[in-house]
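Peer 1: Take the two lone chains, each set in its own frame, and fit them into one complex as the hints suggest.
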Amino acid sequence: MKKFLLLALATLSVIISSGQSKSFEFNKEGNPCHIQFSVFAPNEDYASKARPIIYIIGKPGEKSSEIFENDSLKNEPEFYSYLFYYIPTDEKKPVEKLQCLKGLASLSTRNFQYGRKNFFLLINDPSIQESELENSNLYDFFSAIIFNSSIHKEPKDITSSFASDKTEYAAYITGNGKVEKMDEYATYYTEESETKEEKSLPAPEKASKVYFGKPSKKDFTLSGIIRDKVSGETLPFANIIVRGTTIGTSSNADGLFTLLHVPTDTSLLQIQYVGYENLDLYLTPSTPTSNLQVKMYPASQSLQEVTVVSVKEDVLLAKKENVSVVKLTPKMLEKMPSVGEKDVMRSLQLMPGVGSSNESSSGLYVRGGTPDQNLVLFDGFTVYYVDHLYGFFSAFNSNAIKDVQLYKGGFESTFGGRLSSVSEITGKDGNVNKFNMGADLSLLSVNGYMEIPLGKKVSSIFTYRRSYKGFLYEKIFDKFNGSGEEEEADDETTSDGPPGGFGGPGGRQTQNTTASSFFYDFNGKVTFRPTDLDVISLSFYNGADELDNSVDSDLGNFGGGAFNQSATDITNYGNIGTSLRWSKKWTDKLYSNSTLSYSNYYSERDRSQDRTIIQDEDTTTTKSGVFENNDLRDLSLKSDFQYKLLNNLDIEAGVFGTQFSVDYSYAQSDTATVLSKSDSPYLAGAYLQAPLSIVNERITMTPGIRSTYYDGTNQVYFEPRFSITGKATERITLKASTGKFYQYINQVTREDILSGGKDFWLMADGKSIPVSSAMHYIAGVSYDTKQYLFSVEGYYKTLNNLTEYSLRFNPSPTGVSYSENFYSGDGIAKGLEFLAQKKYGDFSGWVSYTLSKAENQFDVYGEEYFPAYQDARHEFKIVGLYSYKRWNLSATWIYASGRPYTAPSGAYTITLLDGTEQDYYTVSDKNGLRLPAYHRADLSINYKLLGGIKGDSRRKEIGSIGFSLFNLYNRTNVWYKQYTIEGGDILETNVNYLGITPNLSLTLKLR
Amino acid sequence: MKSSRKSFIQHTLATLLLLFTLSCEKEDYTGVNEAPVISAYTYATNYIAFNVSSQVPFDSDQSYNLPATDSLDVTISYQDTSFTLPPYGDGSYVDSNLNIPVNIDFTFSFDYDGKTVTGTTHIPSKPIIIAQSATSMSIEKIEFGSGPGGDPSDQPDPLEIEWENTDGSYYLLIIENIEEDPEPIRELDEDIDEEDIPDFSFRKQPTNASFEEIRSNEFQYYGTHRIILFHVLPDYAALYEDVSSSSQNLSNPSTNITNGYGIFTGLNSDTTYIKINKN
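Those protein sequences? They're chains A and B, same order as listed.
For the first sequence, this note's numbering begins at 84 and goes up steadily by one.
For the second sequence, this note's numbering begins at 51 and goes up steadily by one.
Pulled out of the complex, with its shape left as it was, chain B reads as follows (with noise of 0.2 Å):
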């Protein structure tokens, strides 16, 4: 009787462990997506800058098959137009003089590797910059080793930048010295590593609100800055989420391109100037 049940036991088991064994398939679930990627601008002043390059491979021995970027027919439509846009070398394709109207559909396309890559955008309404708080601004020199920001209380009102957004449309803030040799407004060090020196530009966040503020102390040189105002849309804004860089969470970064990644959108901005003088 107890060998018996022993025996019915170990039968049981070895069946069970068995089964499960069985019912555990190979698996493999890596796999290479190839797919080229697109980098593409177009303004609503008739200018388009498109560039088609390949992914950096993961693994070093991988390399992806693509076909040269600079021999694609990179082809344009819209309405009952269609053209081919030139090359202009490293993957890029540049034209001027295009007559794309503006919120009117557009699509480029291109085959590779048997598939076709395209992807639809359009060029937004003209933004339009309703008030500026000033159009100069007063900011003291910086001595090298001075104290982080002095009395806060002679900080010269932040520039506002207000614009009409009825929708809920993405603007974006660029701001940029367009001195030819820039004075500091904080004295640098004279061993100063290059990457270190403050960039001329610098940009806020895409924003769906209608203003935005920009501080004395976002500024890093004296002069003549150019404020452009773009006007985005949501495809572009995307650019600008956290993106996962951890084995934990990484996912396909979003794009409007199908059949590969990154950017093909349009643009339209103002833009208005502003001088930082020392005081």
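Next comes chain A alone, as it looks inside the complex (with noise of 0.2 Å):
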């Protein structure tokens, strides 16, 4: 049989090309079975295997050109993506040129994907009768068979009879046409083939056009919800688009959509999703128009060389139609190096407009922006805090999310409260149809989930994640924390270390660091969809970092006893969030999400010295030292509103409040308490917003208005906001910004290195902290081709009333007094920003460069602006992504000016009461100088491992290995500068940020 085919498949050869439609001969002449037929394309792919073939044979005496030029049914848009054979008849009897049809059609479908599904017969000889038929078995073989010799007069009856109502399938046909039915909820790869033959095998099913008739609805409203095929868990900002139209949306939140005015029940859907290959939908008039269920396939290349024409895969989508959003999904987290951990923040900060160069900190410099001016949410509840250890990784688990959004300025009226930038997580709501679980290790954690479907309608999903003192951790902690120079000079200029009179730093002890210090999170989400309409979710996320740093002071090498006292050094932090959501679509107009939110944000922070003595049998402790504790609490009620007023206009509208509770204390011992702040303001408000298509909705704008009463300045204060998106072409898209943004909540950052938790929360008071506010004007332009995006975004902000802080001694003739260690300013941030990205294909990534300033003024350092502290003149960012097989390559380089800082113009040294010597720094303009520049490249290869045996058809991922270079070239990026005096000199130490860092990482799945 093989031999046959191969000898087939010799003798079909081309004869000629005849342009519109090629020519090819069956067999040779004097064989039975010769055939010159046809084969025409409309869409002119004659490479797809998958797609629909429609088969006609030609009335008695028309030769294969001439069936081809009577044939109307190429010209149907029905059937662009269609194959056409037109195979005449000739001399031969009936059962003869049926054998023959077999035998081309046969050879011809080799390898075709939905096998039968796809594959229609028309007959026009009318001396082929239906009796003839069922003795052949080509029904077996054809979908439909259609006796029609009267085809240019009825055209309609053979387009109806095509027809089929199905859009999903199930089965597949391999290539020696078995049916193997798959399992369908995990990812799959087939395995590389040796052998030509063999590369051929399908690749994962697609869906294609299965109906061919008339359309029978015009002009309608289809809504649906989008899902990955795998898991089952909706897909969220997911783009949907009408082919040949610019009619498209968004899925929302809970990946439910809701198209209007789709032209025709035949149009062709075609949805992008980060992350996922791009589904083309063909709607027939049998496709549900409302609660359509679209199923996505996460990106998986094909292992085979010889890939399907249309898997794609999308790296990273600037979206184009929306101003300064740039989005992120953990498909493609996978991909990207990472220092150990593949990490959500890390990630964004890749992006153009993201600060990159500063390894300390997970939070987002956005666009001249400081990290607490960028809001971010997990599922509907704000997070205050995003550091895991020292900032070096964020404290999200990639495991538990499933979509990012960053919206980097001039964002919706839906969101406020913060002045630069939003991102807004959304968790994965676990997998809903099939339990399933994984784990990940690393040289820094280990990491583990777990997805339980309780029914139809209830998913969950549970993550837990865990540092362990490992090589990493260690390296990292060290940085901070090590014997090395910087820690020494600290000490000398630390006032407050072990009481006892050693004086200062010359106690050079054995000490002993209590390895306890590690970082945790966990998450957990239950997600019930009572309909496909209602989704109740509890999301709950807890994850906090015990950095212990304590020393006991062992026996030194000097009299005097440290006995029976030890220095305790501990910080903790963390986060607890938790909401209820509950989001319903009413109407196919109408929809509606509330949230119930609740996140609270602790640091306690424990610097001291802890006296124990015991006394026959009462033992007391005394402490001396710095307590620092933040606990900030945030109530939070939402709901959001959307209502399709016109064809063309949306109201989106809502309200929100939120009853905060910020405590603030800073101690010196446990019974002397410096500075206590304890706020409980509210604010509540609402916003409204329109989005308004005009031009044949080639221009759309977005007025909003956001209100807000803030109690704590019993105020009310207005955010007008305004964007407009237009496409100058079908490529070209035009947008511009702006909005007026107020923050009622400061981060106050204290630059202590010894310290991790050096970030506490405070509210405005309208008085010593302002309410602070910005007006951004972002304007930009991109250009869209299959391939490739290329953007350019500018950006100007004015920030007002912005606060910094500083905790010290602030004498005064009646004591000492801190509120007045707030300062306010102003500042001014502006940029440029490009952006060319490769979408698709094995290599894929990026290149951005951003030209920006920012720039501050606050009275306490002179009426000049100096460079913020994030400011970065040029960043240059570069990630490449590979795919070979079973490899997956990334590279990434960064590239970025120097951040400035501040010197010491000089030193002197007091002489204090007891004779021992203090220095002191006098300094230079604030942040005059600027380190050298920032660069590095990252690598990463991971390697996916599959189950089953080699050779096997089809393999089921389990997993990868992985294995990172951070730091690549070992480049000495310096961090900070330390200063110490020796010998009437000022000593100047860089401390530098981490060398080159490899990890290795192992992630194992059940599907």
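No wet-lab data here; the hints were simulated from the structure.
The C-beta atom is built at its ideal place from N, Cα and C for all residues, glycine as well.
Check before you lean on any hint, since a few could be wrong.
Have a look at the derived ranges for each label pair, beta carbon to beta carbon [said to hold, decoys possible]:
| # | chain 1 | residue 1 | chain 2 | residue 2 | range |
| --- | --- | --- | --- | --- | --- |
| 1 | A | Gln940 | B | Thr308 | 23 to 29 Å |
| 2 | B | Asp123 | A | Gln940 | 34 to 40 Å |
| 3 | B | Asp120 | A | Ser763 | 55 to 61 Å |
| 4 | A | Val943 | B | Asp120 | 33 to 39 Å |
| 5 | B | Tyr138 | A | Glu946 | 39 to 45 Å |
So these bits of chain A aren't anywhere near chain B, every CB distance computed over 10 Å [stated by the list, open to error]:
| # | residue |
| --- | --- |
| 6 | Thr304 |
| 7 | Thr329 |
| 8 | Ile330 |
| 9 | Glu557 |
| 10 | Asp615 |
| 11 | Leu720 |
| 12 | Val831 |
| 13 | Gly908 |
| 14 | Asn971 |
| 15 | Ala1016 |
Peer 2: See below:
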């Protein structure tokens, strides 16, 4: 049989190419089944093997070119992506004709997907009778066979006969014709093959057109839900467009979408979601117009060399139709290089306009803004602190995340309370189909997750990650706590060293650092979908760092006892957040989403000395040192409503309210509190915005207003916002936005090197801490092709009433006052961002360049503007991702101008009353100097692990092994500079960021 | 059409780029501050120790052109009185015949580089020790190489000092051994480096409480110790605050000197004694 096919292949040769159709020959002349036939593909794609075919047998005497010319089906738009075979009947007997047809059809459709469901036969030869077919088993091959000698008169009958209402398949036809049923709830790969014949195994299924008829509905409304085919997770913010039109929409946070004005029910929908294969969905009259279930495949490069044409892979989508929005999904995260963990925030730092040179902060410096000006939402609750382990890792476990959207500026009225940007993170709902679990092991942490569906309506996911004191953890921990030079230098200037008169730095004791520092995070989410239009979910998050740098003072080599006392240096900080969300799609036009959320950020800092005295049976412990505690609680309720008022006008409105409670205390002993602040203001407000499309939906503008009453200042704040996008051509989009933004809560950063919990939050009070505000002006243009995206955006931001804080003694005649240490000032940030991105293919990635400037002016430092701490003039980033068979390679290179810093202009020493000397530094202009430029390359290699044995036609992905190198060429990047005075000179020491750091990871999963 | 579109984009980009580039002015933020450093304590015993020095320059190529620190006209004035401090050499000016009343503001000033360097302070009220839990304490000799601490229950009670503080003022305790050649409580290694020999004095942190506790293990030597309770001003207490030495958060140290750095402060003290005996 195989021999025959090979022989037949050899005889199947192109004779001529007739311009429009191509002519072929089946068998050699003289063979009883010698056929000269024509093939035509209206879309000129002759290579696809995932398409329907119509075989047309001509009338007696017609040549193949004549059948082609007389055929009108080929001109019908519904058949645009079809392949046509025009087969003449010549002088053969009907039985011979059918047998020859069978041979030709079998050969020409070898390895085609969807098999008979896509093959149709139209017989125009009246000599072939239906009864003859019954013996020919052609019905096993063709989905429909139509007899019609008057095709040109009644084409309707023919097209409707080809109709099929099936839009999904679970069956595949393999190369040898065997039907194989797969477990559809897993990601599969086809094994690399060694022989040519086996290379063209079918790829994962693709939707294709199955309906050949005329449309039955026009200009109608279509709604549905988009899900991950494997896990059943809904996919938020996916793009859905009607091909060839400007009609399109995005799915909402629940994956639900509504498309108005779909031209016909035979239109082609194109659906895009980052990290998933683009999906073409052909509508048919029997496609449900509401609650349509759309299932997308995670992008998984097929391992075979001959890949299916339509497999595409989106690495990053700088959303062309939104102003300043970038998107990230875990599917993409898996491929990006990292220090040791797949990290959402770190990956966002590779985007243009987001600062990338601060290794010690996972927070985002977006367009000259600081991390506290970036609103971080996780499943609707605000996360106030995003750092793990001194900021080297973010607080988010990528296994729990489904989607991340970063709004870099000019964001909609839906969001508020921050000056700069919004990071909206959506957690996974968990596999709705099957139980699943998996685990990651790296040199930094262990990470496990479990997805438990309960019936058809409830899904749940639980993830837990905990660091361990491995090589990587130690390396970073020691950066901060090592007994290196900087540590000692700091000791010298720390006057609250162990009391007992060793006189500061002299004590060279043996120090035992307690090995109990770690971080962990836990995510849990339960989602209940009573109907496809209702979603109720409860999400819980708890993440914390416990950094213990305590030192047990051992016996030293000098007299005097440090016994019975220990220096404690413990920092505990973390977040607890939870949200209860209910969203409902009331009608195709009305959608509502309500969230009740609670978020708590706490930071407890204890840097003190314990003295324990045991007398008889009584134990007395006294403590002195620095105690700094911050406890922020946020209880919020928010309701959003979206209503499609008119065809081109949506009304989006919402109400929100938050009750804050912020405690901050700073004490020097357990009895002497020097600063204590406790505030519990609330805010409440509403917003309204109305996206409006005009000029044939080429221009979309969104005017909006947000108003907030803030109890702390007893004022109402109005924030008008406006954005506009216009399609100059199909490929060029122009966009602009502006808006006013207020912020009522400030994160105060104390750059205390020894302290992990250096950030705390304080509410604006309108006096020492004013409500800060910003204006954004953004304009940009993007040019989008199938393969590439080019984008330029410029921004200009003014910032008012920024607050800076320094906790120092502030001597005054009446004692010490701390409230005077809040300084306020203004800022300006401006920049231009360039992005060139290759979106698809084995090789993808992007190049970005940002030219920017961020300056502040605080009266306390003078009238001049000075560079803000996060100011970097140039930032250049290259991200390259390459897939080869089971290997994923990725590499990044980052270059950023050096950040500004303040250097001493001089120093002096004061002899204190007890005879000890204390050093002080006088400083040059604020941030007047620049660190050397920051640059770094990272590399990561990932190899997929497949289940089954080599040689299996299809193998399930069960995990991966990864190896990454952070700071590939071991660049010495300066973090900050440390100063010491020795022998009348000021010595400057560079404290550097991480050098070359390798990491290994192993990922295993059930499905 | 296509080429005009392309050139439009190019022009827009070029213009934006140009505008942005033009808006970046040249930056020069560095600056040098040559202000002198004052370290001056005025005691209620009518004694002032006033010292003027120059800063250590950050850059060794850089020098501060301070006038000779010994030839300044350092004037002290209070109420209607005004006088000049006599130079003592090395930038020091000392006068032990002051008669400045407690709680009366007094000011120093001298001219330097066209600016008047000045500062004001006062002598705070005399502190009064109202209680001392013991006048002597017995501590066991600790042999070289013995373990840490021994039995904690063997330790004597800490010494408690209590004083009056009704207004939240700052107080500082300094304890110094006044023996000529005191015997260390913990036996020293014969090969000990000189710098590791414990100091004869130690201090507590400035506090605005009204009592302090001195534990037995804070004492390093046997013999009589003088305990001085200083009533200090907030300016002085501020000197003990953490001082950063990192480029991330350098800022000028707090000072009460105008056109200069350092400290100009008044002090008042009370004294008591404790004897540490060998057990």
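Peer 1: All the hints need checking, so say for each whether the structure fits it.
Peer 2: A quick look at each hint next to the structure:
no. : hint                                 : in the structure
1   : Gln940(A) with Thr308(B): 23 to 29 Å : holds (24 Å)
2   : Asp123(B) with Gln940(A): 34 to 40 Å : holds (39 Å)
3   : Asp120(B) with Ser763(A): 55 to 61 Å : holds (60 Å)
4   : Val943(A) with Asp120(B): 33 to 39 Å : holds (35 Å)
5   : Tyr138(B) with Glu946(A): 39 to 45 Å : holds (41 Å)
6   : Thr304                               : holds (35 Å)
7   : Thr329                               : holds (18 Å)
8   : Ile330                               : holds (24 Å)
9   : Glu557                               : holds (22 Å)
10  : Asp615                               : holds (44 Å)
11  : Leu720                               : holds (39 Å)
12  : Val831                               : holds (12 Å)
13  : Gly908                               : holds (14 Å)
14  : Asn971                               : holds (34 Å)
15  : Ala1016                              : holds (16 Å)
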